[in-house]
Amino acid sequence: MELSTVRRELSTVKSDRDKATRRVAELSERMQNAEKRCQQYANNMVKDQNALTEARAELANFQDVVSNLRGELDQAKKQAAESTQKLASERGTRQKAEQTVETLRERMSNMQALAAARSENLAKEQSVASEELAKEKKVHRQRDG
Numbered sequence: 010m011e012l013s014t015v016r017r018e019l020s021t022v023k024s025d026r027d028k029a030t031r032r033v034a035e036l037s038e039r040m041q042n043a044e045k046r047c048q049q050y051a052n053n054m055v056k057d058q059n060a061l062t063e064a065r066a067e068l069a070n071f072q073d074v075v076s077n078l079r080g081e082l083d084q085a086k087k088q089a090a091e092s093t094q095k096l097a098s099e100r101g102t103r104q105k106a107e108q109t110v111e112t113l114r115e116r117m118s119n120m121q122a123l124a125a126a127r128s129e130n131l132a133k134e135q136s137v138a139s140e141e142l143a144k145e146k147k148v149h150r151q152r153d154g
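Mind the numbering: the sequence shown is residues 10 to 154 in the working numbering, read in order.
Hints listed in this document are in silico derivations from the structure and should not be mistaken for laboratory results.
Just so we're clear, the structure is a prediction, and the values are computed from it rather than from any experiment.
There's no promise every hint is true.
[Stated by the list, open to error] Label pairs and their computed distance ranges (CB to CB):
id, residue 1, residue 2, range
1, L78, E44, 46 to 56 Å
2, S37, E11, 33 to 43 Å
3, R65, E44, 24 to 34 Å
4, R39, S76, 46 to 56 Å
5, A89, D57, 37 to 47 Å
6, A34, E11, 28 to 38 Å
7, E44, S20, 31 to 41 Å
[To be verified] Below, computed lysine to aspartate or glutamate pairings styled on DMTMM-like, alpha-carbon distance capped at 20 Å:
id, residue 1, residue 2
8, K28, E38
9, K146, E134
10, K45, E35
11, K23, E11
12, K144, E134
13, K87, E99
14, K45, D57
15, K23, E35
16, K56, E67
17, K133, E145
18, K28, E18
19, K56, E44
20, K95, E107
21, K95, D83
22, K105, E115
Where a beta carbon is used, it is the ideal one built from N, C-alpha and C, also for glycine.
Construct all of the structure, not just a fragment, from the sequences and the given hints.
Structure representation (structure tokens):
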């Protein structure tokens, strides 16, 4: 082989080697960028995973709060129903008491009217008895006198 051919081939080999070196450097840089992006994605995944874990914990707390509120609501409904029932019972009792009071007032009014009538009758009877007594006294006086 001739020297010029060897030099040309050597030059081609050097050129190919330089291209390959540049390509290796380029690929190495791309690889490092890809590794950085992968690391960022991994970091973001960890952050997202942590955020998801926190969100799940918050959701669990929220569900506990909702459950507690439902329990309190059920208790309040039960108390309201009991209060409504007691109120209805008290209204019934009050109405019965009012009816009893009204009945007693009517009976008292009737008794007062009856007492007034009896008093009037007694007054008449007393008047008649007084008149009869006066007549008898008169008759006794006339007989004695």
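These are the hints, each one checked on the structure:
For L78 and E44, the hinted distance range of 46 to 56 Å is satisfied, since their beta carbons lie about 50 Å from each other. The beta-carbon spacing between S37 and E11, approximately 37 Å, falls within the hinted interval of 33 to 43 Å. A beta carbon spacing of about 31 Å between R65 and E44 agrees with the range 24 to 34 Å that was offered as a hint. The hinted range of 46 to 56 Å is satisfied by R39 and S76, whose Cβ atoms lie roughly 53 Å apart.
In this structure the hint that A89 and D57 lie 37 to 47 Å apart at CB holds, the actual value being about 46 Å. A hinted range of 28 to 38 Å for the beta carbons of A34 and E11 is consistent with their spacing of about 34 Å. One distance hint, 31 to 41 Å for the beta-carbon pair E44 and S20, holds here, with the actual separation near 35 Å. Annotation: proposed proximity of K28 to E38 holds, straight-line Cα distance about 15 Å (limit 20 Å).
For the given pair, K146 sits about 18 Å from E134 by alpha-carbon distance, which is consistent with the 20 Å threshold. Using a Cα cut-off of 20 Å, the hinted pair K45 and E35 holds, with the two alpha carbons roughly 15 Å apart. With a C-alpha separation of about 18 Å, the suggested pair K23 and E11 falls inside the 20 Å cut-off, and the hint holds. Of the pairs offered as hints, the one joining K144 and E134 holds, with about 15 Å between alpha carbons and a cut-off of 20 Å not exceeded.
Between K87 and E99, the direct Cα distance comes to roughly 18 Å. Compliance with the 20 Å bound is thereby established for this hinted pair. For the hint linking K45 to D57, the alpha-carbon distance of about 18 Å falls within 20 Å, and the restraint holds. Taking the CA atoms of K23 and E35, the gap is near 18 Å; set against the 20 Å cutoff, the hint holds. With a C-alpha separation of about 16 Å, the suggested pair K56 and E67 falls inside the 20 Å cut-off, and the hint holds.
Taking the CA atoms of K133 and E145, the gap is near 18 Å; set against the 20 Å cutoff, the hint holds. The straight-line distance between the Cα atoms of K28 and E18 is roughly 15 Å, inside the 20 Å bound, and the hint therefore holds. Proposed proximity of K56 and E44 is supported: the alpha carbons are some 18 Å apart, at most 20 Å. Distance restraint check for K95 and E107: the Cα-Cα separation of roughly 18 Å lies within the 20 Å cut-off, and the hinted pair is therefore satisfied.
Distance check on the hinted pair: K95 and D83 sit about 18 Å apart at the alpha-carbon level, within 20 Å; holds. A C-alpha spacing of about 15 Å is found between K105 and E115, which places the hinted pair at or below 20 Å, so the restraint holds.
In terms of the numbered hints stated before, the structure departs from none.
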